[in-house]
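Q: Listed below are the residues making up each chain.
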Amino acid sequence: MTTPLDELWRPVAPPDEQEAAAIRAERVRVREFLAGSLDRGLFAPRCDSWLGGFSPEFSKALAVRGWIGMTWPRRYGGRAASNLLRQAVVEELLAAGAPVAAHWFADRQVGPGLLRYGSEEQRDRLLPAMARGELYVAIGMSEPDSGSDLASVRTRARQVAGGWRVTGTKVWTSHAHRSHLMLTLVRTAAPDPGSRHAGFSQLLVDLSAPGVTVNPIPYLDGGHHFNEVVLDDVFVSDGMVVGTPGQGWTQVTAELAHERSGPERYLSTFPLLERMSAALAGGGDEVGGVLGRAYARLWVLRQMSTGVARSIDAGTASSLVTALVKDMGTRLENEIVDEARRWRPSAPAPDAPDGYDRLLAQAQLHAPGFTLRGGTSEILRGLVARAIGMR
Amino acid sequence: MTTPLDELWRPVAPPDEQEAAAIRAERVRVREFLAGSLDRGLFAPRCDSWLGGFSPEFSKALAVRGWIGMTWPRRYGGRAASNLLRQAVVEELLAAGAPVAAHWFADRQVGPGLLRYGSEEQRDRLLPAMARGELYVAIGMSEPDSGSDLASVRTRARQVAGGWRVTGTKVWTSHAHRSHLMLTLVRTAAPDPGSRHAGFSQLLVDLSAPGVTVNPIPYLDGGHHFNEVVLDDVFVSDGMVVGTPGQGWTQVTAELAHERSGPERYLSTFPLLERMSAALAGGGDEVGGVLGRAYARLWVLRQMSTGVARSIDAGTASSLVTALVKDMGTRLENEIVDEARRWRPSAPAPDAPDGYDRLLAQAQLHAPGFTLRGGTSEILRGLVARAIGMR
Amino acid sequence: MEELHQLIGRICLDHDNDEDGLWRTLTETGLDRAGIPERFGGTGGDPADALAVAAALAEHGAATPVADQSVLAGWLAARAGIRLPAGLVVVAGDADLRSENGRIHGTARRVPWASRAGHLLVPVATAPDRTAVALVRVEQVRVRPGRNLADEPRDDVEFVAVVPDESRTVAAPAHDILLHRAALVRAVQIAGSLRAVLRMTLRYSTERVQFGRRLSQLDVVRQQVALMAGEVAATSAAVGAAIDQLLLADDTGATRFAVAAAKVQAGTAATAVARAAHQVHGAIGVTREYPLHRHTRRLWAWRDESGGEEFWARRLSALVHGADRPLWETLVG
Amino acid sequence: MEELHQLIGRICLDHDNDEDGLWRTLTETGLDRAGIPERFGGTGGDPADALAVAAALAEHGAATPVADQSVLAGWLAARAGIRLPAGLVVVAGDADLRSENGRIHGTARRVPWASRAGHLLVPVATAPDRTAVALVRVEQVRVRPGRNLADEPRDDVEFVAVVPDESRTVAAPAHDILLHRAALVRAVQIAGSLRAVLRMTLRYSTERVQFGRRLSQLDVVRQQVALMAGEVAATSAAVGAAIDQLLLADDTGATRFAVAAAKVQAGTAATAVARAAHQVHGAIGVTREYPLHRHTRRLWAWRDESGGEEFWARRLSALVHGADRPLWETLVG
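Residue numbers (the numbering used here), protein chains in the order written: chain A, -6 to 384; chain B, -6 to 384; chain C, 4 to 336; chain D, 4 to 336.
Don't take every hint at face value.
As the list claims (entries may be wrong) - Label-pair restraints from in silico Cβ distances:
{"#": "1", "chain 1": "D", "residue 1": "Arg13", "chain 2": "C", "residue 2": "Phe214", "range": "37 to 47 Å"}
{"#": "2", "chain 1": "C", "residue 1": "Gln220", "chain 2": "D", "residue 2": "Arg217", "range": "41 to 51 Å"}
{"#": "3", "chain 1": "C", "residue 1": "Asp154", "chain 2": "B", "residue 2": "Asp226", "range": "45 to 55 Å"}
{"#": "4", "chain 1": "D", "residue 1": "Gly33", "chain 2": "A", "residue 2": "Ala274", "range": "29 to 39 Å"}
Stated by the list, open to error - Selected chain A positions facing chain D (Cβ under 10 Å, derived; list incomplete):
{"#": "5", "residue": "Gln240"}
{"#": "6", "residue": "Ala271"}
{"#": "7", "residue": "Thr364"}
To be verified - Pulled from the structure, derived: some chain B residues nowhere near chain C, Cβ distances all over 12 Å:
{"#": "8", "residue": "Arg58"}
{"#": "9", "residue": "Ser75"}
{"#": "10", "residue": "Ser145"}
{"#": "11", "residue": "Gln152"}
{"#": "12", "residue": "Gly192"}
{"#": "13", "residue": "Ile210"}
{"#": "14", "residue": "Asp214"}
{"#": "15", "residue": "Gly215"}
{"#": "16", "residue": "Ala250"}
{"#": "17", "residue": "Asp331"}
{"#": "18", "residue": "Arg334"}
{"#": "19", "residue": "Arg335"}
{"#": "20", "residue": "Pro341"}
{"#": "21", "residue": "Ala345"}
{"#": "22", "residue": "Ala360"}
{"#": "23", "residue": "Ser370"}
None of these hints come from the bench; they were simulated from the model.
We treat Cβ as the ideally placed atom computed from N, Cα and C, and that holds for glycine.
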């Protein structure tokens, strides 16, 4: 008897030896590149580098080596690589705390979204520039009063000759102030009380178009990555509609589900763990046990997350497991912060002379976001409960 | 501006020097008695001794020294002591893992319930026997389908000449098989859909009366303290009704609220902590930190719990704080089990030759009950949320 | 694997609360010796088969020594070239054991199922990298019965100048390899038991009504069960990866890492899942009659056996810090 | 106390985001020197008064050095018999400091508010139980500015052959007493800040609507806020008990125990409450504009200052295991 629970422990075949060897080789290439970049001072390792480390130069250097859009077909600038291989590359970059924020959303979700739902013209025009690390795309989903409840989005697009006029306000839009486009969830039809999820569409808004205003939303430490994007009757041509008008909800849901279990859900604080590991290695058996538990958990999450990548390649991905990986991974990210504080007297400060204190400060200040972004932990657990049949 | 939150941090005046000295002296008396009892092998310290340690002899020995019913008026066999003094005595007994289960419910809640709601005749007749450690009373609240939802209780009492006829089944009744009476929550009126909490009453059922059957409900380790008590048309005289028929719900709610924050909510695993403390004392700074955290938490809970005892004496007790103490205390009891396992290789077994392993086994096997009995943690937190104004 | 699981399910159902009958059927079907080559007294297959049997038995709440025989005694016998005699054979190992002039002395503590065994397979270190593996009849030793939290036999076995029926020397520090295998067995059993606890809790929550609603409709319960699901899935993934690694290579750093991490995960999950399951079940869950304790008491016992989380976490740390490469590279393997 | 709390609330409201104005008003009202005897430059009262001011300021999210001056510098000055000069005076202590021929050398690290001070009060151990307390003008030292996670000044102060304006010797290892006082100050501030976070979260949850319901109606949020309430209540109780104990006796084992336990509780609560508050608030809570971070960043900073949970927990353990009586008796005091 099969039940929804079986999805939780469905075995995933390990990669064959040829693929495993290719992945090992790619990891070595990335490591060599990172070591060289570090030597040349091209970046300083930091926690949460996929949100906090914005470097167009670095993104272009990655693109040259084929590490952006690598799963995309070759004709769009990709390498037609497996998700498993992309996962390995992303892991290496995040584990090193490398600045990957500039191309992040284009690589992780906008490109795959265009491949699933976009027009041929969109793919031809946009994907190669993304894969070159030159075209950055922000995500416009949340609104001032919507929070996790995306169905309450109120930004409206009204049809005009040749396209749409968009009016509304998006918030928490990371890096909108230095991105070119914003993949924007809008209402293209009035709310239907009978169907909360009907009438949404996804548009690509040119952030330099007339009527677009990007206002910073300073982060709690004064940093700037969040923005409010105000759209005042902004024209978007029909060619920039992604997928089918009215199907926006389905598209966004698929987008969210698939992007949940990546390494950014368990590696945001890895640079701190590595530092901690080095600093505390000689610290006695008890501290060894603390570190070992973190290693074990990370190892387990890697098994689960690479399992998801393999199942995406096999076309059998489970949104149940992706939700679990995100929930557990972000809890681990927080636990690493707690343990890093606990086992060494620390004076965390963003400008601390000591690297441990500095990484700890970054991690702590960013920690509140870990369990909020991409669906709060509570919402994810609700999804899991439903998926396993709790009614 | 005062808000319901202020109850959370209302300061409670410490006892004056005279009362503090009296408490210290009483603690010394109890410790001397316990040391003597241990020397004479009258008991073996155990975890969760207020449920698992049933000893009529020990109860009588406590009674002789004035440690049962000590807050009750002298005319009923009590000492008219403060709740603070009782709290100190109970703490000493539980910390030592002494067997106090026989008289526990009579002392903790049935006696005080009779003082609040009982008739003069009931007090005269029952309290002195309880205070002598001779009359044991079980609690009949839960039913097979009621669980935490006491309002769904179905045991019915129907009025007859001179009393009531009671029919129904009570479960999870600790020690009913060796108690004399059972304080029983029954319906004395049909359910009223408009008022879920109307129509309940509390009766004292003689467990040796015709129609009473006590069936063991073996605990998961095979132990016997839970029972099912089947009442088949059992006669209860009018004189055994406690309080006003129809007011049972109010009475039971008050009973539960007041009995939540006692030392049994944070000391169930103290014998294990003490053992652990002795065994691990030389175990390095890290383990010192682990123990220190447990000591700190216990110290804090003692401040809160004794604060409640003082506020009961002052007539200003807060059911909000009592719910918090129970929730936090029972979490600590569980944490002690986890830490005891963690920091010493162990092979817990009820019959282990090693005392640490034995206490750990007792604690682990009883642990599931800590956060269930007397209101589950989730229900307590719901009460707290309501009390601080979450609507 | 699915069919195996169903077969074992049927067998367990047929012999509910009948340990002896269950054992008889398992031996008759040869499931008690899966994964042991035929020439060493087994029914063939690889360790993954034996572990699949162990997982299925654990998932069905069966009390049996099968895994201790098939995975541990079977492997040690094959390694030493000893053919397992009929009846139950389990490994009795302990650092206290020593061999003097071919006679075994010392006490092996908390040996699983020794009191039910006909023979013991006894590894005794004779040099840092040499192990004598001896086959001893249980009549030759003194067994002091003990039990774990789940009432499974964990017996002390005393050897006084015991002359084994057969003894072969293995050129390896067998204790360490056995230790990893034993940890994997318990992790696999825990994974099976966790699955059962999750199923049981899910079912209970969708059937039990309180305050007019099913438990499964209460957000607090939903969150708890979702957290359980995460731990169960993680343990299954960890154990699966460790088995894959074992099949790839018996005793490499990567295998040791995987087994250690899997046991840490299994122990962590055992604690969290047992606690949440009891919390959701409420009072019914702590009764002898309701089957939850068949699993939770085993989870509490098994997490400590063959090394608890702390033991294996320290090993992991030693593996990482003893390696001549960065943490990340060791983690990736 | 209630009036004091309201007075400080009004002052903080009048000077929202105006640190200088706030400081001016606090000095004009003498609230910056509560608890310091008048003959030593204070406005009288006992330590409880100074701590009540500190708690109220923290609860209102004020950035001020008041507690560091009134509770710490004030106590040390009184103990040494030094009259505090006008302007801000804070303690600059560090094990690195030493006195040679009446000149102070060394560096005091992360001194709170040093860059804002006019004078520093500098305890330097001259013998195991003797401490020289020196009054130094800030012009005499080099201050390297630093900050904590809440952007409060935590400055390194370098002393090169500094000849103090005044120096008095105290017959005590002042460092240790100061350390306990400093921990109590931070615990008291944490308690105040926790109360504010709880109020803010409660208010937000009852106002914010999501998925058609107020957050305060969601069971998951209710559970989180109830857990926060527990930690807040526990910290208030702990701090209250530690202050009672301090008023009873300045430096007994019971006082040391109470202060250590209160700081452990405060740090534990800071972590848990800040995390839950951010989780309930969602994205709005991590913005600079919303006032939650004024508290949570301080909670993250203050829990580590004057010794984190680990430091004080180890001290507690040492107190217990160094005592000549059972654990229980030490706990009861």
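Q: Against the earlier hints, flag every one the structure doesn't satisfy and list their numbers going up.
A: 2, 3, 4, 5, 6, 10, 13, 14, 15, 17, 18, 19, 20, 21, 22, 23
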